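Whenever a hint applies, use it, and build me the whole structure from the sequences.
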Amino acid sequence: MTEFLQHIINGLGLGAIYALIALGYTMVFGILQLINFAHGDVYMLGAFIGYYAGRYLGLANVPGLGSLGAALALAMLGAAVAGYLIERFAYRPLRKSPRINVLITAVGVSLLLEFGGQIIFGADPKFFPTLYVPGEPFMIGTLQMNRLQLLVLAISLVLMTGLRTIIFKTKTGRAMRAVSFNHDNAALMGIPVDRIISVTFMLGSALAGAAGILVGLTYPKIDPLMGVMFGLKAFVAAVVGGIGNVTGAVIGALLMGVAESLVIAYWASTYRDALAFGILILILLFKPAGLLGTHRQEKV
Amino acid sequence: MKFHSSFFTSVLLAAGTLVLAPGCNKSTQTGSTATDPANEIVIGEVGSLTGNEATFGTSTRDGIRLAIEQINQSGGIQNKKLRVVTMDNQGKPEEAATAVTKLITQDRVIAILGEVASSRSLAMAPIAQTNKVPMVTPSSTNPKVTQVGDYIFRVCFIDPFQGSVMAKFAHGTLKVKKAAILRDVKNDYSVGLANFFTETFKKLGGEVVVDQSYSAGDVDFKSQLTSIKTKEPEAIFVPGYYTEVGLIARQARELGIKAPLLGGDGWDSAKLTEIGGKALEGSYFSNHYSPDDTSEHVQKFIAAYKAKFGGVPDGLAAMGYDAAMVLADAMKRAKTLEKDDIREALANTKDFQGVTGRITIDHDRNAVKPAVVLEVKSGGFAYKETINPS
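Residue numbers (my numbering), protein chains in the order written: chain A, 1142 to 1441; chain B, -5 to 384.
It cannot be assumed that every hint is accurate.
Below, a sample of chain A positions facing chain B; criterion: calculated Cβ distance under 10 angstroms [to be verified]:
#1 Gln1259
#2 Ile1261
#3 Gly1263
#4 Pro1266
#5 Phe1268
#6 Phe1269
#7 Pro1275
#8 Pro1278
#9 Gln1285
#10 Leu1366
#11 Val1404
#12 Ser1410
Covered stretches of chain B (in silico footprint by chain A; criterion: 3 or more residues with CB under 8 angstroms from a CB of chain A, positions within the stretch not fixed) [to be verified]:
#13 45 to 51
#14 261 to 269
Just so you know, the hints here were simulated from the structure itself, not pulled from any lab data. Computed from a predicted structure; not experimentally measured. Using N, Cα and C, we set each Cβ at its ideal position, and we do this for glycine too.
Here it is in structure tokens:
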């Protein structure tokens, strides 16, 4: 039983990170009906910003919550800028084109970041600097709660609550929801649609940047292709939860983390990825709108 | 329902495109700068200069460069200079196959050095064999590699021996009775080592209490390690490559596992301790040579390597050096510089004094050599003991 609970805890830790990335997918989809495949690579950029900040700004010399906070802030800022640039120069010019054009562009941007990253950062895996030294693990009976895992979970929750507040409590958030309903109507109401879309991209990207740092802390090996698999998994999590739905993305991601953890524990690690995409296929077949997704009728 | 169908197509399309990520090949040249093709011998090298196991490729390349330079300085072979064309395969078997085809058909090399990883050597070997080009792998230890055909050689020991070395070490020196295994299922080398370890360890009276697996590229191993922890093994055999091993060690300690980790030559990289940090202290792995070896031959190699590249050569650099030297030695003994004669001479290699020990090629085209066990100690590797082939 303890072993089972331990697997659940491990899975939630993994799921919290998927959730941070999944939120970006779901927000952009909610507002533009676009699957931003470059999103996983923005997460990679976040990790590399943390890497360079730790190395060259001396953050790794004074590990602690302060350094971690500084690296998080830098990565979120850097990722937000990257998100803005991607939207401004790759997606905005295509706003009026068919959806498939934008989708292919997204894949193009993704490949550009991955292989551009290989040229700029180098293709070999880098060691992520130690920004925070966790103390002894918490023990509940024989259950191990790693402080790092708890910290990751806590940071994820804080960021997600922040996001919810922005979306549901602020004027910008109301504008975002309005744009996601209908671009033209929102524009008629005086909402600056382009600016709101930029803000959405920046918010989602900032969360992905934060995820990059958290992953670097937990699994200190980063490379330019690290976003491919994590990004795809997070995307599946967003679809499972109901793409476009913020709460759904978090639930989908946690489910995914726990499911993967249990598959490895009681079946075999080879089935991990098969499971993720198996779930995707099942959801698309039986509940195409996702667990929490609402069926949206298209108006003619 | 327009939304659904287009969404579905989008997902399928995007997934398809992501899988087809493009690759590219780069080649570099070392050795003779002479442009006269009549006065040079061109050999090819394929290695993982970038990718997950980048240090394997770069170390091997540096070892080969040093050997080629020394051979050329001492007059070359039959009055001809050696030139090496090096191709990167990004750590992918399919790229390794493309690279070796290019070397044979375009650069017209008369012999090939490479690869380190058995999976990639297995992708290259059939191509070399079909074209009857002798191929010498410095450090692919899976038995299947040289079984491809009579043109494929290696200068290192093979996995049945390497697996048994760690089993003997665990049982004899560490007095371990219960061992766990965590293998990389995508990797021929890792699976081979794990199987041979299990076989010998059971024969010696030990017990393998749990056998878990992962796939190269994974970053989360907590589920496997949690399952291993409940079985309370006294040692965990992780015959993988250094990037994953570093992460596995960290996560094992985070979960409170205190048992030492054991591994093979895939651990041999300075990056191992960079990624694993203190978590690896007191763990052991088998390797081809130890820089602590005081024999003149080894120390001369280390001094020359340090002078050229700075830093102590790892085992793979030593293997690269030996592979190039064995090939050069065979070329010197060969009747002509035709591929068949070089093959013949390679097969007759006997008692060649290499940095990694005396090399004799047996009738299966494998080298028979002792292995050393190294301990991870204060961020470096310390010599522990030598285990001879029985």
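Classify the hint on A/Pro1278 as holds or violated, based on whether any CB of chain B lies nearer than 10 angstroms to its CB. Constraint on A/Pro1278 satisfied, holds at 7 angstroms.
Return the status of the interface hint for A/Gln1259: holds when the least beta-carbon distance to chain B is below 10 angstroms, violated otherwise. Holds - the Cβ of A/Gln1259 comes within 10 angstroms of chain B, reaching about 7 angstroms at its closest.
Is the hint on A/Phe1268 kept, meaning its closest Cβ partner in chain B is under 10 angstroms away? holds (5 angstroms)
Let's test the interface hint: is any C-beta of chain B closer than 10 angstroms to that of A/Pro1266? OK, holds: A/Pro1266 within 10 angstroms of chain B, min 5 angstroms.
If you take the shortest Cβ to Cβ gap from A/Gln1285 to chain B, is it below 10 angstroms? Holds: closest Cβ of chain B sits about 6 angstroms from A/Gln1285, inside 10 angstroms.
Checking hints one by one. Is A/Phe1269 an interface residue toward chain B, by the C-beta closer than 10 angstroms rule? holds (9 angstroms)
Do at least three Cβ atoms from the region 261 to 269 of chain B come closer than 8 angstroms to Cβ atoms of chain A? Result for this restraint: holds, n = 3.
Hey, does the A/Leu1366 contact hint survive, CB to chain B under 10 angstroms? Interface hint status for A/Leu1366: holds (8 angstroms vs cutoff 10 angstroms).
Per-residue hint verdict: A/Ser1410, partner chain B, C-beta under 10 angstroms: holds (5 angstroms)
Restraint outcome when A/Ile1261 is required to lie within 10 angstroms of chain B by C-beta distance: violated (13 angstroms)
A/Gly1263 as chain B interface residue, shortest Cβ-Cβ below 10 angstroms: Interface hint status for A/Gly1263: holds (7 angstroms vs cutoff 10 angstroms).
Mind checking the CB of A/Pro1275 against every CB in chain B and telling me if the closest is under 10 angstroms? With a closest approach of 8 angstroms, the A/Pro1275 hint holds.
Checked against the numbered hints listed earlier, the structure breaks hint 2 alone; every other hint is satisfied.
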